[in-house]
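**Q** Listed below, chain by chain, are the residues.
6 protein chains.
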Amino acid sequence: MVNQKYLDKAEVLIEALPYIQRFNRKVIVVKYGGSAMVDEQLKRDVIKDVVLLKLVGFKPIIVHGGGKEISRWVGKVGKEAKFVNGLRVTDDETMEIAEMVLGKVNKELVTLVQSLGVKAVGISGKDGGLLKVNKKLSGGQDIGYVGDVKTVNPKILYDLLEKDFLPIVCPIGLGDDFATYNINADDAACAIACSMKAEKLAFLTDIEGVYRNPDDPSSLISELFVKDAKNLIENGNVGGGMIPKLQNCIDAIEEGVSRVHILDGRIPHCLLLEIFTNKGIGTAILRKGEGKYYHEDE
Amino acid sequence: MVNQKYLDKAEVLIEALPYIQRFNRKVIVVKYGGSAMVDEQLKRDVIKDVVLLKLVGFKPIIVHGGGKEISRWVGKVGKEAKFVNGLRVTDDETMEIAEMVLGKVNKELVTLVQSLGVKAVGISGKDGGLLKVNKKLSGGQDIGYVGDVKTVNPKILYDLLEKDFLPIVCPIGLGDDFATYNINADDAACAIACSMKAEKLAFLTDIEGVYRNPDDPSSLISELFVKDAKNLIENGNVGGGMIPKLQNCIDAIEEGVSRVHILDGRIPHCLLLEIFTNKGIGTAILRKGEGKYYHEDE
Amino acid sequence: MVNQKYLDKAEVLIEALPYIQRFNRKVIVVKYGGSAMVDEQLKRDVIKDVVLLKLVGFKPIIVHGGGKEISRWVGKVGKEAKFVNGLRVTDDETMEIAEMVLGKVNKELVTLVQSLGVKAVGISGKDGGLLKVNKKLSGGQDIGYVGDVKTVNPKILYDLLEKDFLPIVCPIGLGDDFATYNINADDAACAIACSMKAEKLAFLTDIEGVYRNPDDPSSLISELFVKDAKNLIENGNVGGGMIPKLQNCIDAIEEGVSRVHILDGRIPHCLLLEIFTNKGIGTAILRKGEGKYYHEDE
Amino acid sequence: MVNQKYLDKAEVLIEALPYIQRFNRKVIVVKYGGSAMVDEQLKRDVIKDVVLLKLVGFKPIIVHGGGKEISRWVGKVGKEAKFVNGLRVTDDETMEIAEMVLGKVNKELVTLVQSLGVKAVGISGKDGGLLKVNKKLSGGQDIGYVGDVKTVNPKILYDLLEKDFLPIVCPIGLGDDFATYNINADDAACAIACSMKAEKLAFLTDIEGVYRNPDDPSSLISELFVKDAKNLIENGNVGGGMIPKLQNCIDAIEEGVSRVHILDGRIPHCLLLEIFTNKGIGTAILRKGEGKYYHEDE
Amino acid sequence: MVNQKYLDKAEVLIEALPYIQRFNRKVIVVKYGGSAMVDEQLKRDVIKDVVLLKLVGFKPIIVHGGGKEISRWVGKVGKEAKFVNGLRVTDDETMEIAEMVLGKVNKELVTLVQSLGVKAVGISGKDGGLLKVNKKLSGGQDIGYVGDVKTVNPKILYDLLEKDFLPIVCPIGLGDDFATYNINADDAACAIACSMKAEKLAFLTDIEGVYRNPDDPSSLISELFVKDAKNLIENGNVGGGMIPKLQNCIDAIEEGVSRVHILDGRIPHCLLLEIFTNKGIGTAILRKGEGKYYHEDE
Amino acid sequence: MVNQKYLDKAEVLIEALPYIQRFNRKVIVVKYGGSAMVDEQLKRDVIKDVVLLKLVGFKPIIVHGGGKEISRWVGKVGKEAKFVNGLRVTDDETMEIAEMVLGKVNKELVTLVQSLGVKAVGISGKDGGLLKVNKKLSGGQDIGYVGDVKTVNPKILYDLLEKDFLPIVCPIGLGDDFATYNINADDAACAIACSMKAEKLAFLTDIEGVYRNPDDPSSLISELFVKDAKNLIENGNVGGGMIPKLQNCIDAIEEGVSRVHILDGRIPHCLLLEIFTNKGIGTAILRKGEGKYYHEDE
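Which chain is which? The protein sequence lines are R, H, P, W, V and S, in order. If you count by the UniProt record's numbering, then the first sequence holds residues 1 to 298, one letter each, in order. If you count by the UniProt record's numbering, then the second sequence holds residues 1 to 298, one letter each, in order. If you count by the UniProt record's numbering, then the third sequence holds residues 1 to 298, one letter each, in order. If you count by the UniProt record's numbering, then the fourth sequence holds residues 1 to 298, one letter each, in order. If you count by the UniProt record's numbering, then the fifth sequence holds residues 1 to 298, one letter each, in order. If you count by the UniProt record's numbering, then the sixth sequence holds residues 1 to 298, one letter each, in order.
Please keep in mind that the hints were generated in silico from the structure rather than gathered at the bench. Keep in mind that the hints are not guaranteed to be accurate.
Because identical chains share one entry, a pair is satisfied inside a single copy or across any pair of copies.
Unchecked claim - Simulated pairs of lysine-lysine, DSS-like, Cα-Cα distance not exceeding 27 Å:
(1) Lys26 x Lys119
(2) Lys26 x Lys163
(3) Lys163 x Lys76
(4) Lys136 x Lys79
(5) Lys150 x Lys82
Note that this is a predicted model, so its numbers are computed, not measured.
Isolated chain R (complex conformation):
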């Protein structure tokens, strides 16, 4: 007789049915960064999740950062990393190093995906004119080659998806002067998700989610309406680092992304758990009037 272990496995697969169906051929943008990028085991877990999403018929796109690795290489050539208001001061040489390091990280992810049997193509925001930027100031101060996304031309992403590749994007863009600019990876992921009206935008972070009270771990919010998210910011209930992230979530929903998730990248397979089980992970930002999808009666 077949033992229970196998039957249980079958049950898990069967439970995945409605989710596989719901996201069939939908674009899912995954901002990949933080611990999940440093820990080798977590890295494999995340990439395996994305590969699975691809194989079961979704259209995932990875946007990755690389901050810590950039700092390491800046140091390696004997420079000191400088920050103003949390933004890296990016002179010519720093920009050159940043582009190289992000390129290297990009190809590592491509390699990892390919080793799992899915064809990936790694590009930067320069390729196919994907990301055009404006120079970003920090408190009115010029901090070098740091850019705000000005326009997104997602043609190259649609083309790669049509040809069945998994696109992996590093957050570099071109200015009108064709100079190279560094872009915050959260911003890049958000802009891309908006331009494609993605079904989902998921941020892999190093926090559990959004708290109603940052000092109270039990106040983690499962579902947050856009209006409430705005209130949290206005009322000063969220800490500094969380504000731009939450703002990205709000922007994405208002630009047509169906759902945004702040996930804890330190949990193995947090992406799969979020998508395939009825156990919500982290915080979901929703349009007003919608309940979380796995509570919906469709």
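Knowing the structure of chain R, use the given hints to seat chains H, P, W, V and S on it.
**A** Positioned in the frame of chain R, the structure of chains H, P, W, V and S alone reads:
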């Protein structure tokens, strides 16, 4: 913290990765019959399995029988079912009833699939000229409208698959005289799988698989090469009912089907277990020189 | 010298030119029922007509009934057919028989079409989710599995037409509860024609057409504007059986079908005569302000 | 009641069924010339036939001549037409006139087709590089711009057919020196039919067909195998004008055209009669071993 | 070492880059007539220019006249050409000759293009129903088969461009009565450019361009806004022949053509010079508020 | 009047006609390296040439190296570059730096192309599984992550070309172990050209071409047959650095590339001069029996 149960679920999904990848866009013909068709719970299990295969990117086709239900309705109109050498003697009226009953079963399966959110289309071998038959004799004796598949025109199946429907086929065909003939469902499934060079042909049966010694339950064969299958038949090691089934398996492999499985339809989710786990179920019939796929080094 | 008979034949073909041109690639829904379904010769005539329409470039769809045959089989299993206000009371078993019988009729038509060299595919309203229904009451009374069409999803029909098949539809649908419901064939044909904005909807009936005075055979109406059709109903000038049929005609025109015809299915090749000659058959229901097409000056 | 006249009409249409089916989407090249081009009524008849063929799904191509009209215009400008061995001596000015006249005839045919509601495009062998020629000598003598077809590039014809136009071709070609050459219309039609492996090539002529004995009107041959056609030529049983025509027929069959017809263009609708009725008109040239198609058992 | 001559050549090609890019896949209608049609060397220059435009990715269409050649042939058959208000009185025979001559000119251009290695197809406004006309009166007087363009059906042009042919159009059209009408070539070119919203419409003429003062050669206008063009006409600053041409330019811009050029066809390669260099040739008619394109900052 | 300078420009464009035509839609692989990569002006010249090739309808692909820049960065992090038999000893860290530097160079080229108005996409041999490698030994010695191309999967290149992007490839590949390997850029370009049966493969080098006698500058070879190239190698007539390059040329021709060029990248616009003028630059390697293309009589 996320509890272990959810992490285990994620692991099962991740384990499915290589199988999802292996059978991506491959045609899998499932002969569905026996207990799995009578027991309502098993029926739902089988159909859920097939729906999952569809959703994760495979191209399943169901070929079903309906023998017991036919007998029930033959009785209902006051006729007595007659068999010669295990083949139903099929006069005009019996054929009429058989076609009606198989049509009803066909639409029940369509309904079940649709209720799980996948679009199905139920056809018989008449539709689109799918199955052309010759009259089949039983020991030289005319037993009426019983047919052997003569040609398969799989265009309608390719068309339905292209349009993303799940085809469900009942084993009725047309003679050159455009008369209606009943076809053994195993034979129909085998002929269809051969004409499409299917990746897999799976027979859901009421037995555990093929035994080296029919009297010894411990002699179940996991993997059987075509050559050995032929020997089993020649040496008289398999019982009567098994011979035509085994012959179908041999034919299918020799006509280009990659792998044929005799599965125990009484095990819930036997199809998923066979395809998605490294626990082989039933007997796999293989081309000479190949090990079972999950032992292969690819 | 070529004799006159042949020259006359050529003339008939040449006369067909403008009609062939007018309906090129247009969808024509034919409700097939009544005597034309019982008389074997008339049946062949109707099917030959539809096959010709297909071959000269039209896109015909057959929707058929099967009332008399259903009653025959209900009797065969020892049940008594029951009607309320002309609607069959349809309990579980009756529904089961009705679906079986309609399925059998469906495949007979498929066979007949195929024998004339055109590929047909027979489906029910369950296939591809074609017909969704609400339960229909009869004077407030529950009469079982009798349905009103709620929504039509014509994708399967467009797909089959694109792949060059002739679709043949039997009027069975699914409720929201995925139960099987019987649908009046006139209603099903009308709903399908509306959903596809068909060029023509033709009802093959056992009457000559609509009469201005039901008691006066000479008062047959050739052309009837929607407004006048409504008056006929309101003024009580049409008998009971005709009211729902006329209402279907009115609905179809108002939903975008270009022309609806009530034809006498007892006249051999009535469909061809209607479409290919300047002899109007039966009654045409028209949009206000249009003359009958073969009087139009285009 | 519907009177017999209409029922007879329906019967004629129904009889056309198998032929419509047989030639569906097949290329049929019609060489149009002789009396059928001079008599206005016959002209309309021929063009109506071709338009009907187009509308019922065939892919007709007209190749036309214009000999008499050329002679008329040559005279009009005060030149004398000169012939050597039946071939027009074609100096610069004659060639110029010939091209103009053929162009005019071409557009007249285009106009006639368009007035019947089908889109036509008139081209010469220059357009799209359709016909390349070698200079043709007459008994070793240079007779000017008279060409033999050297190569056919049927791309423009396939493109026009794909775009649903009816192509009308006048027999003018280019030499390797890009000079303009006149081509015999029979030769041009034959070369085009061969290059497209047309289903049919039909020559509209001013004779009833091929005779076994030119002096005996009762010896008209209905079906002629290629081998027998060769014998007729070798044994001197056919007169001078018929030899090149018969040779074209033989070439066409040997190059892959399925059937060639020599039709009497003086019979109204001879094309329709040949294709749509079981009354063969004129002489059919066949591949050895085939009976005429309407005697075949398919 | 490579000498300067070759390096200069490379520079010219490089300078062409932005123009090649700007007009990539854009439709450019060239009205070809006047001296450039009579002088053999200028003719080759114009056709080479158009062929180059085709090869570097533009979609040129030639519309040609043939007035002088028509007069020559009218004379040749002993008729006298008659004009009323500058419009040719076009009786039956004149129309016949005009169509023949334009057809001949058309095929000469086809031949020239083909000799340069590009596939051309020559059509008249009859082909594919391209040009439908109304009879045009001259001061209220019937001058025969002279037509005003009533409608353009550009399908045949789009089809030929899609299939990579260069279309060459002669200005003949059909009336509602299917009679043949002569059309002014400027009018035909303008109507075609409008119907396709062409990027450019260029008139090759025998003048240098539009003058602010027709008596002062130094008053040639390089760029002319639509409003100013209207003023020139209203104020009587342009001579008789120029008025309809200027009106065509105004119409074209107002119907959506991006830019219209009046070029001096007597300058070799005037088309290339206009398109590929920053030396404007002739007069450009522009939409209000736009500077000439090579002064734009894009 | 238009001055001579402009007419000369037009002439140059017209001269380019036959070459534009010859290479329309053909794949041209350009190995870009050496001085042309260091000198900023030469770099712009090369990229402008490639952009022009793209715009006039060719399908260029750039494969670039980056040796000098790699050495500079290896030095920057305080490592010493080590070479064995001219091959860089490539340990883990060197490979990491090499990949980063090549990635940076890649995106600089992408930026330059985009600034000229053409969409480019920069990839490495990892993307889409383009280049799979075997470890390469140097005289039997392991020199680290240096690879020989084992297989090319050009799908990603065909996909990018189809979507109208200009692909720019850096010579990095994956081993079977999914480790990163450096590939000689000449080898990568050659392998890619072979896998796509490119029309042309052009090596931009720092030499004028191949000499019959390396010591005699006047012995530069314009055209070299494969057989003669082999003789040069066997007879020791070519120096060390030239041998592998010449071997690549020989391999390419034998694998189906139509023509290979060794060009002097120090000459501005050497690519354009080679392709668009009848002044051959450098050395062309040809298949036996062919003269250089611009001497051919086609």
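**Q** Hint by hint, say whether it matches the structure.
**A** The hints, checked one at a time:
1. Lys26 x Lys119: both (18 Å within a copy, 18 Å between copies)
2. Lys26 x Lys163: Both: 15 Å inside a chain and 18 Å across chains, each within 27 Å.
3. Lys163 x Lys76: Answer is neither; intra-copy 39 Å and inter-copy 40 Å both fail.
4. Lys136 x Lys79: within (22 Å within a copy, 35 Å between copies)
5. Lys150 x Lys82: This pair counts as within: shortest intra-copy Cα distance 25 Å, inter-copy 44 Å.
The structure shown violates just one earlier hint, number 3.
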